[in-house]
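Here are the chains, one letter per residue:
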Amino acid sequence: DVKVTQSSRYLVKRTGEKVFLECVQDMDHENMFWYRQDPGLGLRLIYFSYDVKMKEKGDIPEGYSVSREKKERFSLILESASTNQTSMYLCASSFASYYGYTFGSGTRLTVV
Amino acid sequence: GESVGLHLPTLSVQEGDNSIINCAYSNSASDYFIWYKQESGKGPQFIIDIRSNMDKRQGQRVTVLLNKTVKHLSLQIAATQPGDSAVYFCAETSNKLSFGAGTTVTVRA
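Top to bottom, those sequences are chains A and B.
Note that the first sequence ends on residue 553 in this note's numbering; no numbers are left out.
Note that the second sequence ends on residue 619 in this note's numbering; no numbers are left out.
What the hints contain is simulated information worked out from the structure, not anything from laboratory work.
Glycine is no exception: its CB is placed at the ideal position from the N, C-alpha and C atoms.
Be aware that a few hints might be false.
[Stated by the list, open to error] Straight-line C-alpha distance at most 25 angstroms; calculated DMTMM-like pairs for lysine to aspartate or glutamate:
{"hint": "1", "chain 1": "B", "residue 1": "606", "chain 2": "A", "residue 2": "492"}
{"hint": "2", "chain 1": "B", "residue 1": "606", "chain 2": "A", "residue 2": "469"}
{"hint": "3", "chain 1": "A", "residue 1": "498", "chain 2": "B", "residue 2": "541"}
{"hint": "4", "chain 1": "A", "residue 1": "512", "chain 2": "A", "residue 2": "463"}
{"hint": "5", "chain 1": "B", "residue 1": "581", "chain 2": "B", "residue 2": "559"}
{"hint": "6", "chain 1": "B", "residue 1": "606", "chain 2": "A", "residue 2": "463"}
{"hint": "7", "chain 1": "B", "residue 1": "606", "chain 2": "A", "residue 2": "479"}
{"hint": "8", "chain 1": "B", "residue 1": "581", "chain 2": "A", "residue 2": "500"}
{"hint": "9", "chain 1": "B", "residue 1": "552", "chain 2": "A", "residue 2": "469"}
{"hint": "10", "chain 1": "A", "residue 1": "444", "chain 2": "B", "residue 2": "527"}
{"hint": "11", "chain 1": "B", "residue 1": "552", "chain 2": "A", "residue 2": "513"}
[Said to hold, decoys possible] Not the full set, but computed from the structure, chain A residues with beta-carbon under 7 angstroms of chain B:
{"hint": "12", "residue": "457"}
{"hint": "13", "residue": "484"}
{"hint": "14", "residue": "502"}
{"hint": "15", "residue": "544"}
{"hint": "16", "residue": "545"}
Can you build the whole structure from these sequences, using the hints too?
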């Protein structure tokens with residue numbers, strides 16, 4: 442089975458902190474994605490990557506950056522965490538740009 | 511712009527009854543549609559998909575119907591079970607995946 446592993450299930454961070462959310466997949470997928478999930482808003486795409494060292498902005502990239510130094514790892518960075526970034530963050534990988542997504546279990550981030 | 515929406519945010523179903531979850535989309539160029547199920551504490555999991563050249567596809571206890579004329583997608587779950595309680599998302603794509611807001615299905619014993 443494809444595994445997408447997110448390093449933390451729950452995180453609590455202070456406003457202004459730099460936050461790293463890590464995601465690792467084990468199926469050699471080219472494509473990786475970061476979404477945030479909020480009640481009533483569904484899943485919104487933050488950033489995605491089609492290859493190592495490549496990144497593309499999604500629908501809501503403001504306040505976030507990403508890093509993909511290795512194919513299997515895609516990191517989401519909150520440069521200066523704010524309370525409106527409190528959310529569930531979901532990582533996904535796929536072998537095609539929109540086909541065959543596999544999601545991680547999510548990281549619930551609370552910024553206080 | 512593109513939008514994907516589910517008609518109802520919540521659905522309560524008696525165990526053993528059939529469930530129907532609806533979804534509307536706005537992008538007429540969308541050519542691939544997927545339903546995901548998200549159980550509490552887990553990420554979304556693939557249930558079933560359908561391409562735009564089809565209007566119906568069946569899986570195990572699930573059927574997806576696509577009406578391109580009115581841009582409507584539905585997921586039917588036969589003989590709903592307690593394990594079907596979850597949030598269900600539709601997603602559509604022409605070049606990237608866009609998700610709806612989700613319908614929370616609660617199965618009553």
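Status of each hint after checking the structure:
Taken as a hint, the residue 606/B and residue 492/A pair is honoured in the structure, with Cα atoms around 16 angstroms apart against an allowance of 25 angstroms. For the given pair, residue 606/B sits about 20 angstroms from residue 469/A by alpha-carbon distance, which is consistent with the 25 angstroms threshold. Taking the CA atoms of residue 498/A and residue 541/B, the gap is about 22 angstroms. The hint holds against a cut of 25 angstroms. Taking the CA atoms of residue 512/A and residue 463/A, the gap is about 13 angstroms. The hint holds against a cut of 25 angstroms.
Annotation: proposed proximity of residue 581/B to residue 559/B holds, straight-line Cα distance about 15 angstroms (limit 25 angstroms). Straight-line distance between C-alpha atoms of residue 606/B and residue 463/A comes to about 22 angstroms, which keeps the hinted pair within the 25 angstroms bound. Restraint check for residue 606/B and residue 479/A: satisfied, since their Cα atoms lie roughly 20 angstroms apart, inside the 25 angstroms limit. For the hint pairing residue 581/B with residue 500/A, the CA-to-CA distance comes to about 22 angstroms; that is within 25 angstroms, so the pair holds.
Straight-line distance between C-alpha atoms of residue 552/B and residue 469/A comes to about 22 angstroms, which keeps the hinted pair within the 25 angstroms bound. At most 25 angstroms may separate the alpha-carbon atoms for a hinted pair to count; residue 444/A and residue 527/B exceed this at roughly 34 angstroms. Proximity of residue 552/B to residue 513/A is assessed by CA-CA distance (about 21 angstroms); at most 25 angstroms being required, the pair is judged to hold. Given hint, residue 457/A at the interface with chain B, is violated; its Cβ is 29 angstroms from that chain's nearest Cβ, farther than 7 angstroms.
The beta carbon of residue 484/A is positioned within 7 angstroms of a beta carbon in chain B (closest approach about 4 angstroms), and the interface hint is therefore held. Annotation: interface hint on residue 502/A violated; nearest CB of chain B at approximately 14 angstroms, more than 7 angstroms. Checking residue 544/A against chain B by beta carbon gives a least distance of about 3 angstroms; that is within 7 angstroms, so the hint holds. The closest approach between the C-beta of residue 545/A and any C-beta of chain B is roughly 5 angstroms, which is under the 7 angstroms cut-off, so the hint is satisfied.
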